[in-house]
Each structure stands twice: as structure tokens, then as C-alpha cells.
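Enquirer: Sequence:
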Amino acid sequence: MIELSGLEVVAGGFEVGPLDLRVDDGRYVVLLGPSGAGKSLVLEAVAGVRRAAAGRAVIEGVDVVGLPPERRRVGLVFQDGLLFPHLTVAANIAFGTRGGRGGERRGEVERLAEKVGVVGLLTRRPGSLSGGERQRVALARALAAHPRALLLDEPLSAVDPEAREGLQDVLRRVCRERRLPVVHVTHDRHEAFALADECAVLIDGRLHQTGRPLDVLRRPADAAVARFLGARNVMRARRDPRDHRVALLADGGSLRTADELPGEAVLVVRPEDVRLAPATPDGSLTATVTRLTLQGGHVLVRLEVPAALDALVPAAEVERLGLAVGLRVAVSVRPTDVHVLPAG
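So for the sequence shown, the working numbering puts the first residue at 1; every next one is plus one.
Do not take every clue at face value.
Quick list of simulated restraints, FRET-style, between CB atoms [to be verified]: (1) R334 / L292: 19 to 27 angstroms; (2) R320 / R176: 21 to 29 angstroms; (3) T290 / V234: 15 to 23 angstroms; (4) S5 / S332: 43 to 51 angstroms; (5) G230 / D63: 53 to 61 angstroms; (6) E272 / L248: 20 to 28 angstroms; (7) D188 / P335: 28 to 36 angstroms.
Result set (SDA-like, lysine to any residue): computed pairs, CA atoms no more than 20 angstroms apart in a straight line [said to hold, decoys possible]: (8) K115 / R50; (9) K115 / F95; (10) K115 / V170; (11) K115 / A163.
Think of the hints as simulated: they come from the structure by calculation, not from any bench. Keep in mind it's a predicted model, so treat the numbers as computed, not measured. Positions of the beta carbon are idealized from the N, C-alpha and C atoms, including for glycine.
When you get a sec, could you build the whole thing from the sequences and use the hints?
Expert: The following block contains the structure:
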């Protein structure tokens with residue numbers, strides 16, 4: 001288990017933390033955030049290649065903050081693998097093994113190579129490998145030392161899209177089979193949601209939210225998390241004094257919410273939760289279609305309410321409604337699909 005308590009890291013004038021995070025054995029936690037958020041600084045502090053300014057980093061019951069890197073027993077994989085270019089794949093993996101006779105080491109290297117899918121590459125050198133192959137070798141080398149935890153710093157960023165899914169499968173399998181606590185750093189939310197048991201969102205050096213990927217996606221803790229995760233409809237609003245479950249949008253229009261609103265709030269509505277229908281003269285909320293953008297089997301429809309609002313609509317529904325730029329449509333959102341955040 002990895003447990004961070006009040007961990008702080010300082011680099012230049014940039015401060016990260018205090019940060020609290022727990023990763024149980026066999027759990028895959030993704031530290032997710034934009035570039036420059038401080039994610040890699042956290043990983044480096046846990047691994048011991050950067051000094052923590054304050055706090056504790058406990059691995060398997062031992063606070064490792066004061067220990068040198070070689071005594072922390074963590075496997076660390078960087079985004080480019082950092083393999084030894086003059087050594088073969090087999091020798092790179094063997095570098096991570098901890099003693100043992102020659103035959104035992106060869107057997108361990110072959111077992112690890114088979115586990116990560118590079119058994120046919122053992123005689124080659126890193127310069128002849130693809131990005132995905134290099135990362136598999138780097139992972140095998142990290143596992144060869146029998147680490148108590150695995151730390152991955154953007155391990156898929158240099159991997160071709162075609163190879164990424166296969167490497168994701170390897171990472172999840174290793175975590176599960178070895179019962180290792182894993183912390184994986186990335187800025188890619190799609191990568192995070194594909195891998196994580198739990199996401200921890202770090203923005204500007206501060207941990208904004210932790211939780212299951214779907215919970216973080218559907219119920220962001222604040223507007224910063226919502227925007228980073230790609231929420232397109234983030235709107236400032238105030239409570240209707242006549243009905244505390246009606247939000248008056250700052251740019252015009254209103255939406256009903258499931259719960260009573262505070263005086264000021266930020267509303268988040270996912271585009272797939274915006275429903276469109278033919279406009280009727282019954283006083284329902286109407287909007288004008290201003291743009292249509294094809295996205296696979298769906299169409300992203302930009303609306304003017306008068307506030308700008310995006311709806312993600314199945315292509316078949318676009319045809320059924322005859323959606324076109326300039327068309328007036330009725331807009332509705334279920335109150336339970338309006339996520340209310342603090343206005344701060």
C-alpha cells in the first residue's frame with residue numbers, strides 16, 4: 001500500500017500539496033491533470049529522486065521520505081523508458097534483477113519478457129524497438145527488482161495509438177496479478193478512464209478530487225475539474241428568488257435543478273444530456289442551431305439559447321429532426337442531469 005499524508009513538493013517557485021492519497025495493494029490509481037500541474041513532481045518525491053518539502057510517503061508501512069531511492073523498493077517507469085542503448089533487451093531486464101545465479105537470472109528474465117510480451121526481442125537493442133516495445137522492456141526491468149509499488153510517469157505518451165491498447169492490458173494485468181499498488185501519471189483523460197480504479201485530479205499543484213472515473217466524470221467537484229475533463233456546458237447562474245430549484249443563467253435562459261440552489265452557482269450539463277425537439281409555442285425553452293459538427297455516429301450541435309449550449313445528438317436523430325443551421329428547436333435537460341457546483 002502507498003499512503004501519502006500532507007505531502008508537499010517545491011520546485012522553483014511552484015508548490016504542490018499538501019496532498020493526501022491512499023493506494024491499496026492491487027489498485028490502479030491515475031494521477032490526472034494538465035501539463036504543469038505537478039503530477040511528475042509527486043511521483044519523483046515518492047520515488048526519492050526529488051526531496052519532499054513536508055509530509056509522509058508510507059510504502060508497505062514504512063515512511064520512505066528520509067530514505068535514498070535504492071532503499072524504497074519502488075519500480076519507476078518514465079515516458080521514454082530510459083533503457084541502456086548499448087545493452088540487449090535481455091541485459092536491460094537483467095539489470096533490474098536482485099542477485100541470483102546466472103541460470104536463475106536468465107529464467108527470471110525470460111519469465112518477465114513473456115509476461116510483458118517481448119520474449120521474441122531479447123537479443124535486440126533499444127534502438128531497433130518501437131516506442132511500445134521499449135516501454136514493455138522498461139516495465140519488465142522495473143518488475144525484475146520485485147518492487148513494493150509501481151510508479152508510471154506518462155508511460156504511454158510516446159506509444160503509437162495502435163500499440164497503446166495492448167500495453168494498457170499489460171499494465172492492468174501486472175497490477176492485478178502482482179497485487180501491486182500503482183500510481184500512473186497522465187494528462188490524457190481517455191487513458192485515465194481506460195485504466196484507473198480511481199482517479200485523482202491534480203490542477204495547479206492542488207488535489208481537487210479523487211474518486212471512481214465515472215463519478216469524477218459525471219460529478220466533477222468544481223468548475224476547474226469540469227473544464228479539464230472536457231465539459232462543454234459550464235454556466236454561471238443565480239437562484240430564482242421565486243423558485244429555489246430554478247437557475248437563472250447569467251447569459252439568459254433558465255434551467256430547473258433537482259435540489260435547491262445556493263444564491264450563486266456554476267452549472268455543468270454534459271452535451272449528451274441535452275435533449276432537442278421541434279420548437280412549439282408553449283413557452284418551453286427554445287434555441288437556434290448555429291453549428292453542426294460530425295463526431296463519429298453523433299453530431300455536436302451548437303445552440304444559442306441565448307447562452308451558448310452544446311448538445312451531442314445521434315446522427316439518426318439529427319435527420320429525424322431535420323436539424324440545420326438557423327433552425328429553432330425546443331431544448332430540455334432533466335433536473336437530475338444539471339450538476340450544481342459552488343460559484344467560487
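Enquirer: Would you say the C-beta atoms of G230 and D63 sit inside 53 to 61 angstroms of each other?
Expert: violated, 37 angstroms
Enquirer: So the hint says 19 to 27 angstroms: do the beta-carbon atoms of R334 and L292 match that?
Expert: holds, 23 angstroms
Enquirer: Honestly, do S5 and S332 meet the 43 to 51 angstroms range at C-beta?
Expert: holds, 46 angstroms
Enquirer: Using the C-beta atoms of T290 and V234, is the stated range 15 to 23 angstroms upheld?
Expert: Cβ of T290 to Cβ of V234: about 18 angstroms, so the range 15 to 23 angstroms holds.
Enquirer: Check the following: the C-beta atoms of D188 and P335 are separated by a distance inside 28 to 36 angstroms.
Expert: With a Cβ separation near 32 angstroms, D188 and P335 satisfy 28 to 36 angstroms, so the hint holds.
Enquirer: Could you grab the alpha-carbon distance between K115 and V170 and see if it respects the 20 angstroms cut-off?
Expert: holds, 8 angstroms
Enquirer: Confirm or reject the claim that E272 and L248 have a C-beta distance inside 20 to 28 angstroms.
Expert: Roughly 24 angstroms apart at Cβ, these two residues keep to the hinted range, so it holds.
Enquirer: Please work out if K115 and A163 have their alpha carbons no farther apart than 20 angstroms.
Expert: holds, 16 angstroms
Enquirer: Has the given pair, K115 with F95, been kept, meaning a C-alpha gap of at most 20 angstroms?
Expert: Given that 20 angstroms is the threshold and the Cα spacing comes to 17 angstroms, the pair holds.
Enquirer: Is the straight-line distance between the alpha-carbon of K115 and that of R50 20 angstroms or less?
Expert: violated, 31 angstroms
Enquirer: Is 21 to 29 angstroms respected by the C-beta to C-beta distance linking R320 and R176?
Expert: For R176 against R320, whose Cβ atoms are near 44 angstroms apart, the range 21 to 29 angstroms is violated.
In this structure, the hints that do not hold are numbers 2, 5 and 8, in rising order.
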